[in-house]
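With the hints as extra help, turn the sequences into a complete structure.
Number of protein chains: 2
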Amino acid sequence: MSAAKAQTPPDELARVFDHIAANEESFVKRVMDYVRHPSISAQDVGIREVAALLVETLQGLGFSAEAVPTSGHPMVLGHWNKAPGAPTVLLYGHYDVQPPDPLDAWISPPFEPTIRDGRIYARGIGDNKGQHFAQLLAIESHLKVHGTLPCNIVFLLEGEEEIGSPRIAEFVAANRDRLKADFVVTADGPLHASGLPTISYGVRGVASFELRVRHASRDLHSGNFGGVAPNPIWTLVHLLGTMKNADGEITIEGLADTVIPATANELAAAARLPLDLAEAKADIALERLDAPAERSYYERLMFHPTLTINGLHGGYGGPGSKTVLPHEAFAKCDIRLVEAQTPDDVLAKVAAHVARHAPEVEFISRGGMLPSKTPLESPYGEVLRQAIRLAQGVDPLEYPTMGGSLPDYVFTKTLGIPAFVVPYANADEANHAPNENLKLDCFINGIRTGAALLDQLGRRKAAG
Amino acid sequence: MSAAKAQTPPDELARVFDHIAANEESFVKRVMDYVRHPSISAQDVGIREVAALLVETLQGLGFSAEAVPTSGHPMVLGHWNKAPGAPTVLLYGHYDVQPPDPLDAWISPPFEPTIRDGRIYARGIGDNKGQHFAQLLAIESHLKVHGTLPCNIVFLLEGEEEIGSPRIAEFVAANRDRLKADFVVTADGPLHASGLPTISYGVRGVASFELRVRHASRDLHSGNFGGVAPNPIWTLVHLLGTMKNADGEITIEGLADTVIPATANELAAAARLPLDLAEAKADIALERLDAPAERSYYERLMFHPTLTINGLHGGYGGPGSKTVLPHEAFAKCDIRLVEAQTPDDVLAKVAAHVARHAPEVEFISRGGMLPSKTPLESPYGEVLRQAIRLAQGVDPLEYPTMGGSLPDYVFTKTLGIPAFVVPYANADEANHAPNENLKLDCFINGIRTGAALLDQLGRRKAAG
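Residue numbers (the working numbering), protein chains in the order written: chain D, 6 to 469; chain Y, 6 to 469.
Derived from the structure by calculation, the hints contain no laboratory data. Backbone N, C-alpha and C fix where the C-beta goes; we use that ideal spot for every residue, glycine too.
One side only, chain Y facing chain D, incomplete, derived with CB under 10 Å: (1) E215; (2) D295; (3) G322.
In structure tokens, the structure reads:
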């Protein structure tokens, strides 16, 4: 664990912190008012109202702002351009929320925010409305104290993140000019389970596909046809056996050709992350880690592609035994990608592998998402570290890459700028679940961190 | 196809054939009366009544007969011992029937036998009441014409065949003395699709097992745990890959040690069987036969063990994709056995193989059944061939072994005597299905074949 670093904030920031401390009660009340408005993208409930509310809020702060129409839900886009020569930060978040079902499981109703035991309970309070509202309050606090902002800001709030961000890539590509910034900060997701703040520099990509095979026109009797009719499950077993071996090596020809190995800095950062391996295994009752055995826990998650069988189904699955020879089977798989793999290249290589080893098997691409990585050496990393130290009194944990996939490539690859994920919510925020919540002190720390980031950026020249 | 062999029956048999011809109408009426009585083992409907009816019928023919109690349904056992020095044939059949559901699908009610287009429609008319009733009428016809029988008979009719013969092995082992015979004939199942009669000399055995594996305590996110947590589907894929290779060879250590290769006579018999391979494949839309490629169609079914995955299930199986890393999976398998494999030995070898290659995987035995084979050279084979030629005017097809499994080992291994399956029903008898039926000419041919068998046996000395 990182030891707390005592840091004295510059006077300008100390005054903003004082303002935040003096207004905690009203900030809590205001975030509760915000999340009281449903904005459920999957059900198209309240989306336009909340987008309008955000535009009004940004305009109230002196931003130029609009709800930009898309073929789906609008993107809320705000700009503060009044700090010439200072850097521009793009703050990304999303104003849509997950459906609140099952309603019965909520202790207090999802859209009637309630405080219990130092936490606000409401749908969206953690994911993501409470987090980007903290950023808005950080901006407001700075403005109240100093009358202006020390840096430029692009605020981008999406209305379709919870349904898979189907339009973000197209929107970003078509609006490069309006999204011009030096770097991106996303305040979303949870802190480390210990409560320590984190900075993530990347995500793995993903490519999904399905393998389907049918031999006979119907299920057969294993006695009358066993030995005669090929078995689609055996066909999949033998094909999959050519794709990854028992030592854990992916053996699809050419798949790893484009992998960029982890740098010494990345390996060192991964090695610094706290880990109680025995506890991590005990948490999910694992007897062992996956093959290959020699990789460390974080190396596995950050620096290597995976080939996961998400599901394989064929034939009889009921109780007891049934002497059937099934006629069809399928497997669904995903590959997590690391830099510089691309879904297109990887899926083409899987398709070629399947065609070569088992031409009877149908390959179905299910698409994917590019990986994204910001160099650990980016100067904005140090800005964020320092902001966190000033706001929270501790060093953040730094994740070279997260195991999962998010469309961060739209920032790092389409816009070509560094992108960081700096979450504010507690680890047990219960996002996507009943009784979603945000600890009051995480919310206040989020406002403080946002304020410290603005302050620190004001002390730098723009990179461009 | 075998050319018809013109055969002149001996005078004693010709007179029995004449009697059968003169009584066709009443025989059809009587078999319809018999199958009018339900005897559904799975539902315990009418079992005791039909057993009593059979005992009465056998006693009426001069047999000593009784319904022998078991812990389940009674075995009907009848004896004719009045032909000293002549051989004894054990006629096996079963008086229970499948449940008639779905009732709506029957054109005429299952227990109201009806003649349409030269067929009797009724539950049990093919499987198996019509077939063993034909044997009873053959005996009766012989007795009417000659006043006695030319050979000895043990008549064994089981009441639990349709629920898997759970007590036949124990019953036969405990009643060796009462079942003493020179050979066994089972008149059950269908003729060849061409209408040609068949004699089967054996069945494959079967051993069933299940493989289960669980790694984590719950399903995981493939991004957050991919590379870290082992995947139970991969564990099964790699284990199964060690059990049978892509060339179709079973690679479980020692499994084939006890296999007795097919004899030259058996290979020749298999090669004589009619086969339109293109049609057999087209029937079930097969593009190719299973590996290995070099075996003939019937060699595959008769002379080699198989390892069939009956079902494999784990993880997501719904529409689209889901980036889940599943925590458990299972496979259900069966191995068809050939002489002289045994389920006990084979299952022990599979268990040892699993323990050696994937000790995390749970092996669950689901039991099995021994194979059975009667040598093609058995002198009773020629008796049956000749009986069929005399009764039906054609040579039968001879199957060294059938692909499926039946408990014939109770005769060949427990009693140690040859056993033959000689079916009388048409190939489209629809057994186990609605509108089960028996062609009138198949029924009459069955009576004639039974009569010819008794006649031919009378011309031999007992083997023992």
